[in-house]
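These protein sequence lines map, in sequence, to chains W and E. Under this note's numbering, think of the first position of the first sequence as 6, with each following residue one higher. Under this note's numbering, think of the first position of the second sequence as 25, with each following residue one higher.
Hints may be right or wrong, so weigh each one.
Restricting the straight-line Cα-Cα distance to at most 16 Å, the calculated cross-link-like pairs of lysine to aspartate or glutamate (EDC-like) are [said to hold, decoys possible]:
| id | chain 1 | residue 1 | chain 2 | residue 2 |
| --- | --- | --- | --- | --- |
| 1 | W | K67 | E | D336 |
| 2 | W | K67 | E | D545 |
| 3 | E | K399 | E | D545 |
| 4 | W | K31 | E | D336 |
| 5 | W | K60 | E | D317 |
Here chain W is said to cover these stretches of chain E; the calculated rule only asks that three of the stretch's residues, wherever they fall, bring their Cβ under 8 Å from a Cβ of chain W [said to hold, decoys possible]:
| id | segment |
| --- | --- |
| 6 | 144–152 |
| 7 | 207–216 |
| 8 | 325–336 |
Selected chain E positions facing chain W (Cβ under 10 Å, derived; list incomplete) [to be verified]:
| id | residue |
| --- | --- |
| 9 | H155 |
| 10 | N156 |
| 11 | F157 |
| 12 | I158 |
| 13 | R160 |
| 14 | K171 |
| 15 | L175 |
| 16 | R180 |
| 17 | S340 |
These aren't lab readings, by the way, just hints derived from the structure by calculation. Even for Gly, the Cβ is constructed at its ideal location relative to N, Cα and C.
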Amino acid sequence: MRHTITVLVENTFGAFDRVATMFSAKGFNIESISIGETEIREISRMTIVTRGDDKIIDQVVKQLNRLVDTIKVVDLTEFERTERELALISVNYQRASLEEVKNICDIFRGNVVDINSQFITLEVTGPPAKINALVEVLTPFGIKEMARSGTVALKRGERAKPQKKEVA
Amino acid sequence: MTNKQKMSGADIFFECLRLEKVEYIFGYPGGATLKIYEKLYDIDFLTHILSRHEQGATHMAEGYAKATGKVGVVLATSGPGATNTVTGIANAYMDSSPLVVFTGQVPTHLIGNDAFQEADIMGITRPITKHNFIVRDVKELAPIIRKAFHLASTGRPGPVLVDLPKDVINSECEFNYPENVNIRGYKPTLSGHVNQIKKAAQVISKAKRPLLYVGGGVIMANASQELRSFAIDYGIPVTMTLQGLGAFPGTSEQSLGMLGMHGTYWANQAVNNCDCLVALGARFDDRVTGKTDTFAMNAYKIHVDIDPTAIDKNVSVDLPIVGDVKRIIAELRQAMPGKPDVAHWMKQINAWREDCPLHYEKEDGKLRTEYVLEKLSEKTQGEAIVVTDVGQHQMWTAQYYKFNHPRSHLTSGGLGTMGFSVPASIGAALAVPERPIISISGDGGFQMNIQELITAAYLKLPINFIILNNSFLGMVRQWQELFHAEKYSFTDLGASNPDFVKVGEAFGIPSVSTDKIDEVDGIIDQLLAKTDGPMLAEFKVVKEDMVFPMVPSGGSISDMIVKRLNPQRMI
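With the rest of the complex left out, here is chain W:
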């Protein structure tokens, strides 16, 4: 089963690497991983999308917690949540028409961010499934390049708050 796990880590040298190293050392799968700042300067938030049965996910969460730099781990799969991913997709519009590609872009509530004589670059945001759907629709046109940010997610309603404790 697909799980979205959010991890608050110390914003220190190598914290990201420790998580990635743990995943590879334990043979866990990573579908996507993203990291960025939070509202507290010394804390970063990682969002990890992984797959596994209950036993594996139990270990993933425990092993993440075991890392010294980890402050809090929440498996968001059990909660109401907002999940978003951003994609930049450069598409050949010569095979159809500019109009047609733009229409598709509108249906997916995307934006045009770049264009030249052959390619148009779309920016689209949404749950990963929506991005997958767009990619499927655009594939016949000829996708030249694509960049996806990986999923970021937050719990809906009450937010998983980082504990503000003094660090020695």
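Start from chain W and add chain E according to the hints.
Coordinates of chain E only, in the frame set by chain W:
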């Protein structure tokens, strides 16, 4: 701290070690640590032990740590010095031994430049340390050292590496040693859940066939006394893992010895038939469980461990209790509503013990490892610290030496590092000078850190180096015979072994050798009598013996092999 005078990084380093009450550093100097060694020259509150290889230093520190429970400290230079510690660190990680390993590093402005003797030791050791640090500013040095010792020695212990760039050690700042450590992502759970403990006590007291499965965690937590009281008060039999040996007296009727791949027949039968298995500070390692689906399949499983990741990792349990095993055993003992009736169960276990005792060939008059170990156990009365290497002799020691005390059986369990025994025995000898130290190796492993003999000889440490020479990499040979079509590929050392007596003598160590049974007694007496320095004894044992019983890798107890199927193969 009121001392606001500026100090150099090197001075701060030693001041921290003084405050951490470090007695020994095991190390080897080099370019990146010159400044530290310059200061060390005038330091008198700790002793630096010069190894002859950084791997040796790391195993020495682990021998010291395992024998005392204190943190073992290593100091190596950058690059090759640092990478040479890697096997020792991985070993300490697998066996949860508290180490703080300091490595020199090239100056911060050269990091990443492929500078002379540069290695990314942070990257290299990330998966094999509990945590690691690089000190990028001298102001961070004292807080990081404080945290390193705290992390290494608390919770589930483990190795912590601190990388020290040369410029940081040379620069200056005011010294402040934090009194307390507060790492918000690191708060080990110490108290077990009260209701879980109560429930466990109820289940155990009602069990008809209870069994305690004791691992190294009990020894690390200094919970041996609590275990003894609990097991003896309630008459529950105890089986131990390789690392758990010594937690409960091996001479007790209630001790079933070791379980698992080379465990006793009766211990494994007890695991297979128990109705309540209480795992204490053990991790259901594959060498213990074999096939996990059939491991203690009829038992209600209770698992006490300080590391939550150990719970349900290999075997799913019915009742987990996360916390300090020392407290929890004491609380379990208090919470027991009654004594389980184990008379019938003990009778059954003793029947298994009689059915299939540990056995080796005694009729042909040839010298065997088991005989030497039985004699050692008898003559030291289980009072020695025995440091084994890896392989057949290690398993035979676990079977035949009756350990009476915790921190007496030091061995490389998880990683299985050949070459562990010689250096680890040096650390143990420094730590516990009042007890006999016996280092046991095979002829293969003995050669893997042979350079450290000079460290023992130079320091005049009274270590008894025993080589059980069967002229083979015996355990690999055993698997080749059983599972690999008898292709003895590169395991026969007979033609290429050195003369071990001459080797010992070259290092200034009195050395003897024998292949005769009737000389064993005299040699062991001689070894134990010598207290002014090391001595070496080589026992030339039969070449092709195998360790039994054996549960083949991934097999069930029902697959246990108890003796050689084709005994005439024996030479």
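A quick look at each hint next to the structure:
A C-alpha spacing of about 11 Å is found between W/K67 and E/D336, which places the hinted pair at or below 16 Å, so the restraint holds. About 52 Å separates the Cα atoms of W/K67 and E/D545, which puts this hinted pair outside 16 Å; it is violated. A threshold of 16 Å between alpha carbons decides the hint, and for E/K399 with E/D545 the separation of about 7 Å falls inside it, so the pair holds. Taken as a hint, the W/K31 and E/D336 pair is honoured in the structure, with Cα atoms around 15 Å apart against an allowance of 16 Å.
Between W/K60 and E/D317, the direct Cα distance comes to roughly 14 Å. Compliance with the 16 Å bound is thereby established for this hinted pair. With 4 residues having a beta carbon nearer than 8 Å to a beta carbon of chain W, the segment 144–152 of chain E meets the requirement of three or more and the stated coverage holds. Three residues within the 8 Å Cβ limit are the bar, and the segment 207–216 of chain E against chain W gives 4, so the coverage statement holds. Counting residues of the segment 325–336 of chain E whose beta carbon lies closer than 8 Å to any beta carbon of chain W gives 5, which meets the minimum of three for the stated coverage.
Interface hint status for E/H155: upheld, as the beta-carbon distance to the closest one in chain W is roughly 4 Å, under 10 Å. Using the Cβ-Cβ criterion of 10 Å, the hint placing E/N156 at the interface with chain W is satisfied: the shortest such distance is roughly 8 Å. Given the 10 Å rule on beta carbons, the hint for E/F157 holds: about 9 Å separates it from the nearest Cβ of chain W. For E/I158, the suggested interface contact is upheld, since its CB lies about 7 Å from the closest CB of chain W, less than 10 Å.
Interface hint status for E/R160: upheld, as the beta-carbon distance to the closest one in chain W is roughly 7 Å, under 10 Å. The restraint placing E/K171 at the interface with chain W holds, with a minimum CB-CB distance near 7 Å, inside the 10 Å limit. With a cut of 10 Å, the hint placing E/L175 at the interface with chain W holds, because the nearest CB-to-CB distance is about 6 Å. Hint status for E/R180 relative to chain W: holds, with the closest Cβ pair at about 9 Å, below 10 Å.
Nearest Cβ of chain W to the Cβ of E/S340: about 8 Å, under the 10 Å cut. The hint holds.
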